[in-house]
Amino acid sequence: MTDTTADLHARTLALASHGPVIPVIVLDRLTDAVPLARALVAGGVKVLEVTLRTPVAMDAMRAIMAEVPEAIVGAGTVRSVEDARAVQALGCQFAVSPGYTSEIGRVCRDIGLPLLPGVSTASEVMMANADGYRFLKLFPASAVGGANLLKAFASPFHDVVFCPTGGISYETAPQYLSLPNVKVCGGSWLTPVDALKAGDWARITELARQTHSLRA
Numbered sequence: 001m002t003d004t005t006a007d008l009h010a011r012t013l014a015l016a017s018h019g020p021v022i023p024v025i026v027l028d029r030l031t032d033a034v035p036l037a038r039a040l041v042a043g044g045v046k047v048l049e050v051t052l053r054t055p056v057a058m059d060a061m062r063a064i065m066a067e068v069p070e071a072i073v074g075a076g077t078v079r080s081v082e083d084a085r086a087v088q089a090l091g092c093q094f095a096v097s098p099g100y101t102s103e104i105g106r107v108c109r110d111i112g113l114p115l116l117p118g119v120s121t122a123s124e125v126m127m128a129n130a131d132g133y134r135f136l137k138l139f140p141a142s143a144v145g146g147a148n149l150l151k152a153f154a155s156p157f158h159d160v161v162f163c164p165t166g167g168i169s170y171e172t173a174p175q176y177l178s179l180p181n182v183k184v185c186g187g188s189w190l191t192p193v194d195a196l197k198a199g200d201w202a203r204i205t206e207l208a209r210q211t212h213s214l215r216a
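Each residue of the sequence shown is one higher than the last, beginning at 1 in this note's numbering.
Keep in mind that a hint or two might mislead.
In silico DSSO-like links for lysine-lysine, alpha-carbon gap of 27 angstroms or less [claimed, not checked]: (1) Lys183 to Lys46; (2) Lys46 to Lys197; (3) Lys183 to Lys151.
Note that these hints are calculated values from the structure, not bench results.
Use the sequences and the hints to build the structure in full.
Following this line, the structure appears as structure tokens:
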């Protein structure tokens, strides 16, 4: 691969330039994938993390990439080297992991797949940093200390920035986004289960639009 660690870091960090929130998407029905993606893009949210938590996830990402070309599609819940290779082969533009292992980090670098690795402790931040990763996902953010933990990380990890995810809502997102070391946050509130079940795409578009007012 021609990508250097710096190249991959820049490509991952660029995800934050498209808006303050990356939706964390769990799809149970393949038929929801394309209309959901279109609804989010219509609301100005085009970086989409589709989690590998359901049997339809891979087919859902394939469908979105084929039919919603404006979307920037990434795979969440990447837990193994096999996951990383599979989503890269599928054409995903980035990967997100709930935790971090050097094995996953090295493979993503080798295959040129931008990775947003999950961490929840200072030791995990240091492990990711040692492999060249300095844009990290704090997960599960609210459970491990939330904004207070990120404030504490700011001094020892002055060159690291974060995407907190896990337990964040529209109401709590601003307290994260106001922190200098937070570039973007992840949230599932953009895709409520009841809206998905009802096919209420207009509601999801409106929730996407609302995210643009979150960062002061």
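Against the structure, the hints:
Taking the CA atoms of Lys183 and Lys46, the gap is near 16 angstroms; set against the 27 angstroms cutoff, the hint holds. Between the alpha carbons of Lys46 and Lys197 the distance comes to roughly 21 angstroms, so the proposed pair stays at or under 27 angstroms and holds. Using a Cα cut-off of 27 angstroms, the hinted pair Lys183 and Lys151 holds, with the two alpha carbons roughly 14 angstroms apart.
Checked against the numbered hints given earlier, the structure satisfies every one of them.
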